[in-house]
Structures are given as C-alpha cells and as structure tokens.
Amino acid sequence: DGGITQSPKYLFRKEGQNVTLSCEQNLNHDAMYWYRQDPGQGLRLIYYSQIVNDFQKGDIAEGYSVSREKKESFPLTVTSAQKNPTAFYLCASSITLFVERGYGYTFGSGTRLTVV
Amino acid sequence: ILNVEQSPQSLHVQEGDSTNFTCSFPSSNFYALHWYRWETAKSPEALFVMTLNGDEKKKGRISATLNTKEGYSYLYIKGSQPEDSATYLCALILTGGGNKLTFGTGTQLKVEL
Numbered sequence: 221d222g223g224i225t226q227s228p229k230y231l232f233r234k235e236g237q238n239v240t241l242s243c244e245q246n247l248n249h250d251a252m253y254w255y256r257q258d259p260g261q262g263l264r265l266i267y268y269s270q271i272v273n274d275f276q277k278g279d280i281a282e283g284y285s286v287s288r289e290k291k292e293s294f295p296l297t298v299t300s301a302q303k304n305p306t307a308f309y310l311c312a313s314s315i316t317l318f319v320e321r322g323y324g325y326t327f328g329s330g331t332r333l334t335v336v
Numbered sequence: 007i008l009n010v011e012q013s014p015q016s017l018h019v020q021e022g023d024s025t026n027f028t029c030s031f032p033s034s035n036f037y038a039l040h041w042y043r044w045e046t047a048k049s050p051e052a053l054f055v056m057t058l059n060g061d062e063k064k065k066g067r068i069s070a071t072l073n074t075k076e077g078y079s080y081l082y083i084k085g086s087q088p089e090d091s092a093t094y095l096c097a098l099i100l101t102g103g104g105n106k107l108t109f110g111t112g113t114q115l116k117v118e119l
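Residue numbers (our numbering), protein chains in the order written: chain A, 221 to 336; chain B, 7 to 119.
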C-alpha cells in the first residue's frame, strides 16, 4: 500500500545535538511538507517542497533545515539553533502544491522528539 | 499569519447524537478549506476539500458546508458512533499564500456509549 513513512516514532536527543527526522513517500506525490505540533496549538508549517531540489520556508523555519534530493524523501534536520525542539513532528505530501483539483494531504504517523 | 478558529475545543456526546463543529476564518482571499479527522495514534485523514461558496460535501454520516462570504464552515456528524471519536481539524489555503495549509487547533470529539 502507498503511504508516508516517518521514522523513528520516538526520538530522544541531548540538548545541543542536531537530529534528522526521516520522511519517505511512495505515492509519487510532488509536494511534501513538515509540520510541528505543540500542546494547545494547531499544526504549524516548518518547510515545504514543491519539486525535487526546491523548498520554501514555512511559518516557523528558524532552527530547522531540509533537503529534497529525491522525490520520495524529505528529511528534516532539527539543529541546535532551534530553541524549543521538543515537539511532535508530522510529515505530509500532496499530489500537487495546487489545490484546485481538490486533493487533500496524506500524512505520516509522526515522530515525537524529546530533547533533554 | 492567518487565524483559523475552531469551536468548540472539545465535545462529549452520546452514541446516536448528532453534532456539529465550526471553523471560522477571515473571509477575504479565500482559496480552499480542508477538513481532516485525526484519531489517536493514527495519521490525520482527509475528509473534505472545499473551494466554492455554498459547497456541500458528504461522506457517509459526515457532511460539511462552506460559507466563504461570512467566513465559516460547519462539519456535521449524524448519529455519532464511538468510532467517530477523534480530533477534527480545519485548515485553509489563502490566495497569494503559497498554497500551504494553515491549521486550526481542532475540535476533540468523544462519543460515549
């Protein structure tokens, strides 16, 4: 079955270390997204990518970096510059960045990152 | 940043009750509205994508309406079942906003036997 795989499900890191969260999709979707969830807040967009080798900052990109070297993969690195990295991270994809065809997003199951 | 408001924040209903939630947004520059269902320990799942004022969508016992002029969408669940228990998320795309979704904080629904 096609879908999005995020790994690992739980991740623990020491403060000051960079950490990379994996997101892989086999849906042949062009667009991919990273969201962050904190208690009591809606999902907030970190970065998104419309095509390979291209990506744009979302609303809260500071302290994060991404790459899109393959269509299937959109890893997110949480750097030591991110002040509050402990959160739940969701990856998503969509057929196209444009929504006029009425397609929703497909989400992964998320990675819970805890920095101690 | 666009403000997407959802109400109520949480809701407890009895099995068989019908219920509805609201998603409110600034009505200008509207492009599309999404509804998602997010069950505990699962991935959010797309329910509806709505783009036209007056749009109505239906999937089984769940339906949604959209009023872009006044800036709201309603999600209705008829005859709630325990399996409907989930967080329901509303998200919007604004024109000129780069085609990215901005999410509300969600309505958490608990259906009790």
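One should not assume that every hint holds.
[Unchecked claim] According to the in silico footprint, chain B covers these stretches of chain A (three or more CB under 8 Å from chain B):
1. 231 to 244
2. 251 to 262
3. 301 to 309
[Claimed, not checked] Within a straight-line C-alpha distance of at most 35 Å, the following computed DSBU-like cross-link-like pairs (lysine-lysine) qualify:
4. B:LYS75 to A:LYS229
5. A:LYS303 to B:LYS65
6. B:LYS84 to A:LYS277
7. A:LYS229 to A:LYS290
8. A:LYS290 to B:LYS116
9. B:LYS75 to A:LYS303
10. B:LYS75 to A:LYS290
11. A:LYS229 to B:LYS65
12. B:LYS116 to B:LYS106
13. A:LYS291 to B:LYS65
14. B:LYS106 to A:LYS291
15. B:LYS106 to A:LYS234
16. B:LYS116 to A:LYS291
17. B:LYS75 to B:LYS65
18. B:LYS48 to A:LYS229
Since the hints were made in silico from the structure, they are not lab data. Even glycine gets a Cβ: it sits at the ideal position worked out from N, Cα and C.
Each hint tested on the structure:
Counting residues of the segment 231 to 244 of chain A whose beta-carbon sits less than 8 Å from any beta-carbon of chain B gives 0, not enough to reach three: the coverage restraint is violated. As drawn, the segment 251 to 262 of chain A meets chain B at 5 residues by the rule of a beta-carbon pair under 8 Å; at three or more, the given contact holds. Under a criterion of three residues with beta carbons nearer than 8 Å to beta carbons of chain B, the stated coverage of the segment 301 to 309 of chain A fails, only 0 such residues being counted. Of the pairs offered as hints, the one joining B:LYS75 and A:LYS229 is violated, with about 41 Å between alpha carbons and a cut-off of 35 Å exceeded.
About 42 Å separates the Cα atoms of A:LYS303 and B:LYS65, which puts this hinted pair outside 35 Å; it is violated. In summary, the hint linking B:LYS84 to A:LYS277 is not supported, as the alpha carbons are separated by about 40 Å, beyond the 35 Å threshold. As the CA atoms of A:LYS229 and A:LYS290 are separated by approximately 22 Å, the hinted pair is consistent with the 35 Å bound. At roughly 40 Å between alpha-carbon atoms, A:LYS290 and B:LYS116 are farther apart than 35 Å, so this suggested pair is violated.
A distance of roughly 40 Å separates the Cα atoms of B:LYS75 and A:LYS303; the hinted pair therefore is violated under the 35 Å criterion. At most 35 Å may separate the alpha-carbon atoms for a hinted pair to count; B:LYS75 and A:LYS290 exceed this at roughly 41 Å. Straight-line distance between C-alpha atoms of A:LYS229 and B:LYS65 comes to about 31 Å, which keeps the hinted pair within the 35 Å bound. In summary, the hint linking B:LYS116 to B:LYS106 is supported, as the alpha carbons are separated by about 29 Å, within the 35 Å threshold.
Proximity of A:LYS291 to B:LYS65 is assessed by CA-CA distance (about 31 Å); at most 35 Å being required, the pair is judged to hold. The suggested pairing of B:LYS106 with A:LYS291 holds, with an alpha-carbon distance near 18 Å, which does not exceed 35 Å. Under the criterion of a C-alpha separation no larger than 35 Å, the hint pairing B:LYS106 with A:LYS234 is consistent with the structure, at around 32 Å. Distance restraint check for B:LYS116 and A:LYS291: the Cα-Cα separation of roughly 38 Å exceeds the 35 Å cut-off, and the hinted pair is therefore not satisfied.
Using a Cα cut-off of 35 Å, the hinted pair B:LYS75 and B:LYS65 holds, with the two alpha carbons roughly 24 Å apart. At most 35 Å may separate the alpha-carbon atoms for a hinted pair to count; B:LYS48 and A:LYS229 meet this at roughly 12 Å.
When each numbered hint is compared with the structure, violations occur for hints 1, 3, 4, 5, 6, 8, 9, 10, 16.
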